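Q: Spelled out, the chains give:
Number of protein chains: 2
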Amino acid sequence: MSGSKCTRLNGALVKQVLDSVDSVLFDCDGVIWRGDQAIPGASQVINLLKQKGKKVFFVTNNSTKTRKMYVDKMSTLGFNAKEDEVFGTAYCSAVYLKTVCKLEGKVYLVGSNAMREELEAVGIQQTGVGPDHISGKQTDWANVPLESEVKAVVVGFDEHFSYMKLNRALQYLTQPGCLFVGTNRDTRLPLEGGKAVPGTGCLLQAVETAAQRQAQTVGKPNHFMFDCVASQFGVDPSRCLMVGDRLDTDIMLGSNCGLKTLLTLTGVSTVADAEAHQKSGCAERQGMVPDYYVESIADLLPALQG
Amino acid sequence: MSGSKCTRLNGALVKQVLDSVDSVLFDCDGVIWRGDQAIPGASQVINLLKQKGKKVFFVTNNSTKTRKMYVDKMSTLGFNAKEDEVFGTAYCSAVYLKTVCKLEGKVYLVGSNAMREELEAVGIQQTGVGPDHISGKQTDWANVPLESEVKAVVVGFDEHFSYMKLNRALQYLTQPGCLFVGTNRDTRLPLEGGKAVPGTGCLLQAVETAAQRQAQTVGKPNHFMFDCVASQFGVDPSRCLMVGDRLDTDIMLGSNCGLKTLLTLTGVSTVADAEAHQKSGCAERQGMVPDYYVESIADLLPALQG
Chain A
7 MSGSKCTRLN
17 GALVKQVLDS
27 VDSVLFDCDG
37 VIWRGDQAIP
47 GASQVINLLK
57 QKGKKVFFVT
67 NNSTKTRKMY
77 VDKMSTLGFN
87 AKEDEVFGTA
97 YCSAVYLKTV
107 CKLEGKVYLV
117 GSNAMREELE
127 AVGIQQTGVG
137 PDHISGKQTD
147 WANVPLESEV
157 KAVVVGFDEH
167 FSYMKLNRAL
177 QYLTQPGCLF
187 VGTNRDTRLP
197 LEGGKAVPGT
207 GCLLQAVETA
217 AQRQAQTVGK
227 PNHFMFDCVA
237 SQFGVDPSRC
247 LMVGDRLDTD
257 IMLGSNCGLK
267 TLLTLTGVST
277 VADAEAHQKS
287 GCAERQGMVP
297 DYYVESIADL
307 LPALQG
Chain B
7 MSGSKCTRLN
17 GALVKQVLDS
27 VDSVLFDCDG
37 VIWRGDQAIP
47 GASQVINLLK
57 QKGKKVFFVT
67 NNSTKTRKMY
77 VDKMSTLGFN
87 AKEDEVFGTA
97 YCSAVYLKTV
107 CKLEGKVYLV
117 GSNAMREELE
127 AVGIQQTGVG
137 PDHISGKQTD
147 WANVPLESEV
157 KAVVVGFDEH
167 FSYMKLNRAL
177 QYLTQPGCLF
187 VGTNRDTRLP
197 LEGGKAVPGT
207 GCLLQAVETA
217 AQRQAQTVGK
227 PNHFMFDCVA
237 SQFGVDPSRC
247 LMVGDRLDTD
257 IMLGSNCGLK
267 TLLTLTGVST
277 VADAEAHQKS
287 GCAERQGMVP
297 DYYVESIADL
307 LPALQG
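Chain order of the listed sequences is A and B.
So the first sequence is residues 7 to 312, counted in this note's numbering.
So the second sequence is residues 7 to 312, counted in this note's numbering.
What the hints contain is simulated information worked out from the structure, not anything from laboratory work.
Just so we're clear, the structure is a prediction, and the values are computed from it rather than from any experiment.
Take these hints with a grain of salt, some might be off.
Below, simulated DSS-like cross-link-like pairs (lysine-lysine); rule was C-alpha separation at most 27 Å, straight line [claimed, not checked]:
#1 B:Lys143 with A:Lys74
#2 B:Lys79 with B:Lys56
#3 B:Lys143 with A:Lys201
#4 B:Lys104 with B:Lys74
#5 B:Lys79 with A:Lys143
#6 A:Lys60 with A:Lys21
Here chain A stands alone, though its shape is the one from the complex:
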């Protein structure tokens, strides 16, 4: 197993790899489901891993759902999951602000109601959720009313993103000491049929460009997301497997944190993408080469059922 990367995971190797880990981290969209449809066999895989004593966690860059919303969706699709096993960027941003930044003050939130709920759950108040359209003249926009309690700007997915929100974020971010946090940098949300809609990365980049500042992101591939799991559950990186469909987020997170990595081909990235990174000779791109790949996580089933 040592040395070679991007190995097809099948046959006896499946059991060998699963025996070598105590914890398995799964990305959600493109891995255990696509949109509202479970990947066939995925729920059996998750539920059997747990029955066999593995710790299973869900790590997703999607910021539009609370932990509770994830568990509800998982339960509907037949997955056996508990709230504290789910690490979405709505929850992780709130934890980051509370535990790492030790934020005292309010958040100006460019994001969803789910983000608001996760912030409130850790005792952080926000302002900004919902529509905010332009009003007044251009010469007044730099003087929009700001709330003096705001000490951080947080950018996640926001279907109500607008010029006024961009402007308000800029005004807050030019105040001394204002923190700047983004959920993730995914530039597109892939949908069925090869279609896509703009991702949080587009919104975050607009705010960063306006503010002439870089945000700290909590989502994959930043190691904070794994730290969040590891600190709560005592996960040993060398005995942990990260399973995902994206090389630039999921596999890179695994590489950044010293985890074993498994690419599943039911989502965004392909084996050809992985091989291109491998052959590039570029050190940074080696982090996007998974240890193993499967067509679908259902390929793990025989080893679990045996």
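For chain A, the structure is supplied; the task is to place chain B on it using the hints.
A: Same frame as chain A, now just chain B:
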């Protein structure tokens, strides 16, 4: 005069430089006015240059005004100007689409009513101006109704910029053959008192990130803006002076087009900024070092009145 750059333009040198040119290009905001206030002495400078037989043109990255709106503002502030002397990015984008792209079809416009008017003036129809808020579910956004006649996406300043507009631009830009034009890349619009609001560059970058494509921009420092003036008026670059307050747009445009360049300190950039570029030893940054600088274009007055 040869060799040295960033020379203070005063005394006998003013007349010498003005005698060496037939045409003078002025940026507007920060150069001849700030917001709604004329720079003291600026209108006399412009009007005297014209009386002395110089061709005077106004080149601005601002896309929120038509040529007519500029002439109205100039006239109110005491400047003697005609519509065909004004080259804003609303007008220049329309010319670019008509003459360079030879666009046959409609534009999806992320921009202002002024841009719509300039497009219509050259016979190009648009769709998209005005508010466009999100509706429906995320899974439907990639299937928003698109107009089949649209063959170009144009991004300028748009106070109604929204997630839905970003999404619609992405959907058009993934269609084969769709052109992609931006007015300019200015990341901020500076206002009085050191304040600023987000510029077109932020919006353009969000669309580029979503579409995974680079736009062609028509505004400064891209040479198209000068080409536009030169092709209509037969301007000889070696006998033309570009006057501006921004090193990265105005002075760079002049350098890109072989013009003489004059920085005026009534706007964004400082002499220290110019000197930093000069001392950097970086070839690209040398294009942001002006030949001359003045405190204000009013410093040209004595030579013109003498």
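Q: I'd like to know which numbered hints this structure contradicts. Please list them from smallest to largest.
A: none
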